[in-house]
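J.: As a plain string of letters, each chain reads:
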Amino acid sequence: MSLQVNLPGLSLKNPIMPASGCFGFGREYGDLYDLNQLGAIIIKAATREARYGNQTPRVAETPAGMLNAIGLQNPGVDAIIDQELPYLMNYDLPVIANIAGSTVEEYIDVTKAFTRTNAVHALELNISCPNVKEGGVQFGTDPELAKEVTYKVKEVSHVPVYVKLSPNVSNIGAMARAVEDAGADGLSMINTLTGMQIHLPSKRPLLANQTGGLSGPAIKPIAIRMIYEVKQQVSIPIIGMGGIMTAEDVLEFLLAGASAVAVGTANFHHPFVCPEIIDALPDVLQKYGFTSVEDAIGKGHDHDLSRT
Amino acid sequence: MINQLMMTIIDKKTIAKDTIEMRLAGGAIVRTIEPGQFVHINVGNQGSHMLRRPISIADINESDESITIIFKVIGSGTEDLQSYQIGQELDVLLPCGSGYPIKEINVKKALLVGGGIGVPPLYYLGKKLKENGVEVESVIGFQTKSSVFYEQQFAELGACHVVTDDGSYGWKGYVTDVIDQLDFDYYFSCGPTGMLRAVSNKLENHKGFISIEQRMGCGIGACYACVVPTNDDEKNGFKKICKDGPVFRANEVVI
Ligand SMILES: Cc1cc2nc3c(=O)[nH]c(=O)nc-3n(C[C@H](O)[C@H](O)[C@H](O)COP(=O)(O)OP(=O)(O)OC[C@H]3O[C@@H](n4cnc5c(N)ncnc54)[C@H](O)[C@@H]3O)c2cc1C
Ligand SMILES: Cc1cc2nc3c(=O)[nH]c(=O)nc-3n(C[C@H](O)[C@H](O)[C@H](O)COP(=O)(O)O)c2cc1C
Ligand code: FES
Chain A
1 MSLQVNLPGL
11 SLKNPIMPAS
21 GCFGFGREYG
31 DLYDLNQLGA
41 IIIKAATREA
51 RYGNQTPRVA
61 ETPAGMLNAI
71 GLQNPGVDAI
81 IDQELPYLMN
91 YDLPVIANIA
101 GSTVEEYIDV
111 TKAFTRTNAV
121 HALELNISCP
131 NVKEGGVQFG
141 TDPELAKEVT
151 YKVKEVSHVP
161 VYVKLSPNVS
171 NIGAMARAVE
181 DAGADGLSMI
191 NTLTGMQIHL
201 PSKRPLLANQ
211 TGGLSGPAIK
221 PIAIRMIYEV
231 KQQVSIPIIG
241 MGGIMTAEDV
251 LEFLLAGASA
261 VAVGTANFHH
271 PFVCPEIIDA
281 LPDVLQKYGF
291 TSVEDAIGKG
301 HDHDLSRT
Chain B
1 MINQLMMTII
11 DKKTIAKDTI
21 EMRLAGGAIV
31 RTIEPGQFVH
41 INVGNQGSHM
51 LRRPISIADI
61 NESDESITII
71 FKVIGSGTED
81 LQSYQIGQEL
91 DVLLPCGSGY
101 PIKEINVKKA
111 LLVGGGIGVP
121 PLYYLGKKLK
131 ENGVEVESVI
141 GFQTKSSVFY
151 EQQFAELGAC
161 HVVTDDGSYG
171 WKGYVTDVID
181 QLDFDYYFSC
191 GPTGMLRAVS
201 NKLENHKGFI
211 SIEQRMGCGI
221 GACYACVVPT
231 NDDEKNGFKK
241 ICKDGPVFRA
251 NEVVI
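Line order of the protein sequences matches chains A and B.
Numbered according to UniProt numbering, the first sequence spans residues 1 to 308.
Numbered according to UniProt numbering, the second sequence spans residues 1 to 255.
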């Protein structure tokens with residue numbers, strides 16, 4: 001059973017990769033298992049300078065999910081290249097760098113900084129972080145701004161660019177078409193949905209940032225719907241994410257139109273979830289009558305045509 | 001190295017109001033545990049509890065390679081943990097975090113200062129210190145008489161002073177009312193943030209270690225949920241409580 005998928009810049013031995021922000025720069029999970037088992041890794045967001053992020057508490061548990069407001073804490077793009085990427089170069093593993101910024105110039109600077117390393121195989125343009133006031137969220141909700149930042153990043157990037165879409169919009173298709181027009185090589189979706197939890201004893205929002213991004217199985221149906229919708233409107237590939245816990249969930253994303261998937265929150269519940277999904281995937285594909293991963297991509301749409 | 005284990009509950013007791021002591025069989029790995037480290041427990045499933053719960057390791061029993069945990073039922077996760085019975089298995093990550101560096105310091109007389117659910121990790125610490133020939137004295141604080149636990153166990157390590165907020169048992173008041181009358185060369189403290197702040201202020205001229213809490217995601221250092229700023233001049237300096245901590249030198253981090 002072939003799990004191989006080829007995407008712009010990425011030759012994936014299987015379609016499973018940890019999602020940005022949920023796996024650091026790989027070291028901690030690399031102590032638990034051999035990262036070579038993964039299809040790829042998406043590392044934590046990089047900004048131009050180091051950022052401390054938000055005050056704590058930064059996470060809260062919710063039914064079938066969690067809220068987070070980390071606030072893009074990271075050591076800055078140069079420290080990531082010098083101190084974190086060398087560790088990942090020990091592995092035979094495509095690396096996708098997630099980049100964030102407050103201004104178009106910051107996105108451009110971070111992208112340029114990455115051109116000095118060959119340890120990154122693709123960029124994931126994070127225009128959708130809901131957790132910082134100036135975190136790029138404005139780029140993720142306005143199609144014109146999204147187009148502009150995508151275009152400018154594409155101009156300076158030496159590797160393919162995947163644009164990570166925010167679900168906090170009313171017309172996801174318009175956003176997807178806008179970044180495709182601007183030259184995006186692929187999409188990645190979805191980022192977290194903005195939410196809030198109020199702490200009863202203190203009668204105040206629990207997270208120090210007040211709002212946070214909702215992730216986990218609670219958002220899976222939204223991710224599936226958005227990917228399904230976007231798949232019908234663009235021709236660039238989609239890396240799907242949002243609540244994946246099992247190989248069955250992966251198949252659901254493939255059917256909706258994703259060509260590969262990222263697993264985030266599930267790593268906190270079960271740190272070995274990625275290799276376990278990879279092991280389970282061939283049987284699940286076979287059970288539902290598929291002969292490879294490629295074979296399943298977008299197949300959730302065919303019935304649609306036959307019904308009309 | 002952190003492992004994920006299915007640990008069988010071999011004993012379970014209510015030792016004070018809403019306070020459960022559990023013993024979990026773990027195998028040889030328990031011998032590598034240092035005082036101050038914790039376990040990260042899956043108390044449900046992805047629908048009920050996406051996040052694991054951090055609980056300190058209160059004791060190691062080398063004879064049957066088990067660990068003891070003591071937890072207070074304060075919410076839905078600890079309530080579900082309480083519903084597990086002897087013979088059932090728990091999915092546990094261990095050992096997590098960095099413990100008290102007792103091998104690296106020269107301590108002759110130790111003061112342990114614990115408050116509420118901060119008391120448990122100090123027990124294994126005290127036991128290890130005593131094994132190493134260190135004199136141990138402890139001050140343990142609780143809200144009220146019905147919450148008091150492990151007085152007898154701490155008394156076996158050395159002098160033990162119990163304090164309750166309402167004076168219904170032992171001394172009336174806070175642990176800080178007692179500690180400055182004592183003589184020691186290192187202190188080790190764990191408890192609510194307010195207590196740790198008061199203790200480290202009161203004992204600012206002493207060397208000591210504190211263990212702190214924060215809401216956690218991964219529990220292994222990957223998600224940046226549990227950071228705490230450091231007290232040095234480094235811009236944006238921080239530590240991860242789940243990996244660099246939960247134990248820190250007093251004044252190392254901002255609490
Ligand atoms: C390193 C460490 C060691 C700990 N050791 C012990 C121990 O030995 N005994 C004990 O009784 N308790 C201990 N705690 C606190 C314990 O983790 C919380 O009481 C527990 O997570 C509460 O879960 P809940 O679902 O019942 O409460 P809820 O309030 O419903 O929990 C909701 C969420 O908040 C988190 N949370 C709530 N309170 C705390 C807290 N004080 N610290 C961290 N996360 C919290 C929970 O993990 C969960 O994700 C420790 C905490 C840390 C960080
Ligand atoms: C703790 C945490 C941190 C995250 N940090 C980032 C980040 O830095 N950049 C980013 O693009 N997405 C970030 N995300 C979003 C995830 O990459 C992912 O899009 C989202 O959580 C949905 O997937 P999941 O339900 O599998 O977690 C973060 C999510 C979590 C839970
Ligand atoms: S809980 Fe994830 S870094 Fe500490």
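Check each hint, because a few of them may be wrong.
What the hints assert, rightly or not - Pair by pair, the computed Cβ-Cβ distance ranges are:
# : chain 1 : residue 1 : chain 2 : residue 2 : range
1 : A       : Q37       : B       : E65       : 37 to 45 Å
2 : B       : G173      : A       : Q138      : 49 to 57 Å
3 : B       : N3        : A       : K299      : 49 to 57 Å
Stated by the list, open to error - Pairs of lysine-lysine, DSS-like flavour, derived with a Cα cap of 27 Å:
# : chain 1 : residue 1 : chain 2 : residue 2
4 : A       : K203      : B       : K130
5 : B       : K235      : A       : K112
6 : B       : K17       : A       : K203
To be verified - Footprint (simulated), chain B over chain A, 3 or more residues, beta carbon under 8 Å:
# : region
7 : 27 to 33
8 : 58 to 70
9 : 221 to 233
Hints in this document: simulated from the structure, not taken from any laboratory.
All residues carry an ideal CB built from backbone N, CA and C; glycine is no exception.
J.: Evaluate each hint against the coordinates.
T.: Now the hints, each set against the structure:
1. A:Q37 - B:E65: 37 to 45 Å: violated, 30 Å
2. B:G173 - A:Q138: 49 to 57 Å: holds, 53 Å
3. B:N3 - A:K299: 49 to 57 Å: violated, 39 Å
4. A:K203 - B:K130: Answer violated: K203 (chain A) to K130 (chain B) is near 44 Å, above 27 Å.
5. B:K235 - A:K112: The given pair, whose Cα atoms are some 25 Å apart, holds under the 27 Å limit.
6. B:K17 - A:K203: holds, 26 Å
7. 27 to 33: holds (count 5)
8. 58 to 70: holds (count 11)
9. 221 to 233: With 0 residues closer than 8 Å to chain B, the region 221 to 233 of chain A misses the three-residue bar; violated.
The structure shown violates the earlier hints numbered 1, 3, 4, 9.
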